[in-house]
Amino acid sequence: MSDQVIPANEKKGVSPLRAVLLILPLVALGGVILLFLATGGGLTLKSPAPVESLVVERTVLRPGEIDIQVRNAGPEDLTIAQAIVNSAVWPFTVSPDVIIPRLGKGTVHFSYPWVKGEAYAISLFSNNAIAFNTEIPVAFATPVATSRTFWSFTLIGLYVGIIPVYLGIFWFPALRQLGRQWMTFLLAITAGLLIFLGLDTIVEAIEKAAELATPIQGFGLAGIGAVATFLLLDAISKRQNAVGKSGTSQRLAVSFMIAAGIGLHNLGEGLAIGAAYNVGEIALGSFLVVGFILQNITEGLGIIAPILRDRPGWKPLALLGLIGGMPAVIGAWVGGFAPSPNLAVLFLAIGTGAIFEVTYEIFKLIQKDTAREPMPLTVFSGVMAGMLVMWVTGLLIK
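Count along the sequence shown from 1, add 184, and you get the number used in our numbering.
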């Protein structure tokens, strides 16, 4: 068979002519956009009222001081001209400048003798007399990063994440005595737990995305985080399977993926608790801690379910618990000291993608284990039991 002759320009890749043809439409598109911006497309209509939007992202209280961190979500620059605190016009400063560019951030500073436990209503006015209102329901000094508060938020993360996850893992020796059908049932329970966690996490991400500045496109940010995480973990899983690992190694890999997915979910839980304490909602924060402690012990069970028939040793089990629980500590730090609505949406979305991909891996394990002896009723009852357990424990949180 004779060799096929390939033109020289095809051997080297894209020819100069093809490169020009590829770039030309983009250059033309840029010219069209510039023409439209210069001429207005022939339209001379102007908005009857200025379109302005200012989003309050965070409130920081220190003794005798109030800082309001804002973002300009409007299409043009916005100037803060006046401020009212509890019906009284009050002097203020804005850093870095009173003129905030589109998508820019600014900090409005008040020297104000606020009283702990009191409520305050603050209105910021633009130079077009458009008001943007925010409230401080309960005045409370915002926690600062000291060794004492750092250790306090660390303890919160330990109570919420690491301790209950490890307590769930401690069931490992007892559960190894169960028969094959019971192990399938536990896998199905794990799938149910994760399905409920995934749905709960995506609802939280959507709720927080709705609070972001419109140009940030919170729903798109959530979608990017969830889809990218799902596809990335799926690609990693397929590459591991292609290597030809043993069944024991594959089951251990699934356990690590479950721990990672649960860890990302616990990161969001830590953010919520830290943010609650950050704004002085102590009762809410304590309520969340107790509820998450009860809920997260089931997560330890889910982590060990795929490897109950194996003997992984104490080191992998210890690492699994750390991966599943430690993110709650990190989340408590971030939520307590530097809460960010944008990061909260992204982290929750990443957790959603990870949880649903891990659930998909668990169902593949169940399908593999029940290929010869299908047990649809066992799987159905396990999934429902897992979801019901999460729903009942959720009653203590919501």
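Source of the hints: derived by calculation from the structure; they are not laboratory data.
Just to be clear, a hint being listed does not mean it is correct.
[What the hints assert, rightly or not] The calculated lysine to any residue pairs, modelled on SDA-like cross-linking and capped at a C-alpha distance of 20 Å, are:
1. LYS289 to GLU260
2. LYS289 to SER336
3. LYS422 to THR432
Computed from a predicted model, the values in this text were never measured in an experiment.
Holds or violated: LYS422 with THR432, Cα cutoff 20 Å?
holds, 16 Å
LYS289 and SER336: Cα distance at most 20 Å?
violated, 30 Å
Please verify whether LYS289 and GLU260 have alpha carbons no more than 20 Å apart.
holds, 13 Å
Violation of the numbered hints given earlier is confined to hint 2; every other hint is satisfied by the structure.
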